[in-house]
Structure formats: C-alpha cells, structure tokens
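Novice: Each chain, letter by letter, is given below.
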Amino acid sequence: GAVVSQHPSWVICKSGTSVKIECRSLDFQATTMFWYRQFPKQSLMLMATSNEGSKATYEQGVEKDKFLINHASLTLSTLTVTSAHPEDSSFYICSASPVLAGDNEQFFGPGTRLTVL
Amino acid sequence: GENVEQHPSTLSVQEGDSAVIKCTYSDSASNYFPWYKQELGKRPQLIIDIRSNVGEKKDQRIAVTLNKTAKHFSLHITETQPEDSAVYFCAASNTGNQFYFGTGTSLTVIP
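If you're matching them up, the sequences are chains A and B in order.
Going letter by letter, the first sequence gives residues 696 to 812 in the working numbering.
Going letter by letter, the second sequence gives residues 1425 to 1535 in the working numbering.
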C-alpha cells in the first residue's frame, strides 16, 4: 500500500512552453501533497505544500506564478511549470501524506525528470 | 525556516566497517527526523526514522540517535555492504509535515 505515482516520468520540452506534472496517490487519500525539486547531485528542496481544496503554500524564493499547483482532489495534485526555461530543468518529486496516517508520514513519487531545451 | 546541515558530503568505507552520518537542525519545533536512501534517478526510500520523544532507534544494521538539546541526529550503519552504497539524506519535519532535507552524503562501500 501507500503508492504514489507521477506522470510523466520524463519530459523534454522547448523553452517557453508549459509542462504539467501529475502526482497521484493510488491507494490512499492525501489531504496534503508536497512538491520538491532536485538538481543533479544536490538535495531535495521543498517547493510548496499543496492542500486539497485550498491554495498551495510556497517556500521562500519559489515563484508561485511560475510553478502553478492545483490539488483538486484527495488523490491528485498537479504542478505546472509555466514558460519553462533551461534553468528549470530538474528532477521534480512529489510526496503525499495520507489522511489517516500518523504525524509526519509521507510517501514519495518516483519523480519526473524535466529537460528544457 | 528550518535549516538542516549534513556531514560529510562524501564517505568511503571498507566493506564490514561502520559508517556514521551526522545532521544538525535549527528549528526546535521539529519533531520528526527521517533518513532516506536514494539511488540515482530514483525516489528516496525511507530507511529509518526517529521522533523527538526518543533518543535512539535501531533496526538491524541501522541505528539513529537524536540529541534534542544539541539539535543533532546521526545515522549509524554497521557491517556495511556494497549494496549500502547510495546517497543518504537526513530530514527534519515539524507539525506542518514539511520535510527539510540535508545536503546529502554519498556513501561508497569498497568491497
């Protein structure tokens, strides 16, 4: 149980286009999902906290207008990278916190590798 | 916000030896400290965690210690094996469930 999927797993796009990444909790409901970005050989950096039915909370330094987050249901959160540029190329990972889980429990998705040409 | 520091950034040990990775955190409200193992291009895998009301936890070859007063926690791997080679991340989490990760330690176990 507690499986989180992401789609797509790998995407290549042209500079200036927008890319949508989906994060789904497959066998549980998640009131909260988190989005992280990981550059090569670096740590996971929390970008935002996504709460079902409300606006996402962004970490300091993360542009909310560039990284649009929607959490419309208890099993799906989406991250849209708008007007992507080469510096947005990174590994994006989501995690989900189950509704009935103990405190702090999170399950990670497999990640999406974004390459912007 | 929370700031998590992790040392060392790289660590090489002989197979069978022990490995120790240390982390410090800044936010006294943090109450949950997981450790993750990540292989290249894969998702982080939880290997052990500890909560703020516990000082030590052990699971077979892996143990974690926590010093709340000093705000530091450590991962101990004994009898290391080549398959332990990976990048290890510590994290600190508060009641809001946000995870703040350390900078990572690349562990190499030499056969």
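By construction, these hints were calculated from the structure, which means they are not laboratory data.
Don't take each hint at face value.
[Claimed, not checked] DSS-like, lysine-lysine: derived pairs with alpha carbons at most 30 Å apart:
#, chain 1, residue 1, chain 2, residue 2
1, A, K715, B, K1446
2, B, K1492, B, K1446
3, A, K715, B, K1495
4, A, K709, B, K1492
5, B, K1482, A, K759
6, A, K759, A, K736
7, B, K1461, B, K1481
8, A, K709, A, K736
9, A, K761, B, K1446
10, B, K1495, A, K709
11, A, K715, B, K1461
12, A, K709, A, K761
13, A, K736, B, K1482
14, B, K1495, B, K1461
15, B, K1461, B, K1492
16, A, K759, A, K715
17, B, K1481, A, K761
[Unchecked claim] If we take Cβ atoms under 8 Å as the criterion, some of the chain B residues that face chain A in the derived model are:
#, residue
18, A1443
19, K1446
20, F1513
21, S1517
22, N1521
[To be verified] Derived coverage of chain A by chain B (criterion: at least 3 residues anywhere in the stretch with Cβ under 8 Å from a Cβ of chain B; other residues may be distant):
#, region
23, 703-716
24, 720-726
25, 770-783
Glycine residues also receive a C-beta, built at the ideal position from the N, C-alpha and C atoms.
Novice: Work down the list of hints and note, for each, if the structure agrees.
Specialist: Hint-by-hint comparison with the structure:
For the hint pairing K715 (chain A) with K1446 (chain B), the CA-to-CA distance comes to about 37 Å; that exceeds 30 Å, so the pair is violated. For the hint pairing K1492 (chain B) with K1446 (chain B), the CA-to-CA distance comes to about 14 Å; that is within 30 Å, so the pair holds. For the suggested pair K715 (chain A) and K1495 (chain B), the alpha carbons sit about 38 Å apart, so the restraint of at most 30 Å is broken. Among the hinted pairs, K709 (chain A) with K1492 (chain B) is inconsistent with the structure: their alpha-carbon atoms are about 48 Å apart, more than 30 Å.
For the suggested pair K1482 (chain B) and K759 (chain A), the alpha carbons sit about 41 Å apart, so the restraint of at most 30 Å is broken. Distance restraint check for K759 (chain A) and K736 (chain A): the Cα-Cα separation of roughly 25 Å lies within the 30 Å cut-off, and the hinted pair is therefore satisfied. Taking the CA atoms of K1461 (chain B) and K1481 (chain B), the gap is near 17 Å; set against the 30 Å cutoff, the hint holds. With a C-alpha separation of about 24 Å, the suggested pair K709 (chain A) and K736 (chain A) falls inside the 30 Å cut-off, and the hint holds.
At roughly 35 Å between alpha-carbon atoms, K761 (chain A) and K1446 (chain B) are farther apart than 30 Å, so this suggested pair is violated. Under the criterion of a C-alpha separation no larger than 30 Å, the hint pairing K1495 (chain B) with K709 (chain A) is inconsistent with the structure, at around 45 Å. Our distance criterion of 30 Å between C-alpha atoms is met by K715 (chain A) and K1461 (chain B), whose separation comes to about 27 Å. For the suggested pair K709 (chain A) and K761 (chain A), the alpha carbons sit about 16 Å apart, so the restraint of at most 30 Å is met.
For the given pair, K736 (chain A) sits about 28 Å from K1482 (chain B) by alpha-carbon distance, which is consistent with the 30 Å threshold. Restraint check for K1495 (chain B) and K1461 (chain B): the C-alpha separation of about 22 Å stays at or below 30 Å, so the hint holds. For the proposed pair K1461 (chain B) and K1492 (chain B), the alpha carbon gap of about 23 Å is at most 30 Å, so the pair holds. Taking the CA atoms of K759 (chain A) and K715 (chain A), the gap is about 14 Å. The hint holds against a cut of 30 Å.
Annotation: proposed proximity of K1481 (chain B) to K761 (chain A) is violated, straight-line Cα distance about 41 Å (limit 30 Å). Because the beta carbon of A1443 (chain B) sits about 19 Å from the nearest beta carbon in chain A, more than 8 Å, this interface hint is broken. The closest approach between the C-beta of K1446 (chain B) and any C-beta of chain A is roughly 15 Å, which is over the 8 Å cut-off, so the hint fails. For F1513 (chain B), the interface hint holds, since its Cβ comes within 8 Å of a Cβ in chain A; the closest pair sits about 6 Å apart.
Below 8 Å, beta-carbon pairs count as interface contacts, and S1517 (chain B) has one with chain A at about 5 Å; its hint therefore holds. Using the Cβ-Cβ criterion of 8 Å, the hint placing N1521 (chain B) at the interface with chain A is satisfied: the shortest such distance is roughly 5 Å. Proximity of the region 703-716 of chain A to chain B, defined as three or more residues with a beta carbon under 8 Å from a beta carbon of that chain, is not established by the 0 residues found. With 0 residues having a Cβ less than 8 Å from any Cβ of chain B, the region 720-726 of chain A misses the three-residue criterion, and the hint is violated.
For the region 770-783 of chain A, the stated coverage by chain B is violated: 0 residues have a C-beta nearer than 8 Å to a C-beta of that chain, whereas at least 3 were required.
When each numbered hint is compared with the structure, violations occur for hints 1, 3, 4, 5, 9, 10, 17, 18, 19, 23, 24 and 25.
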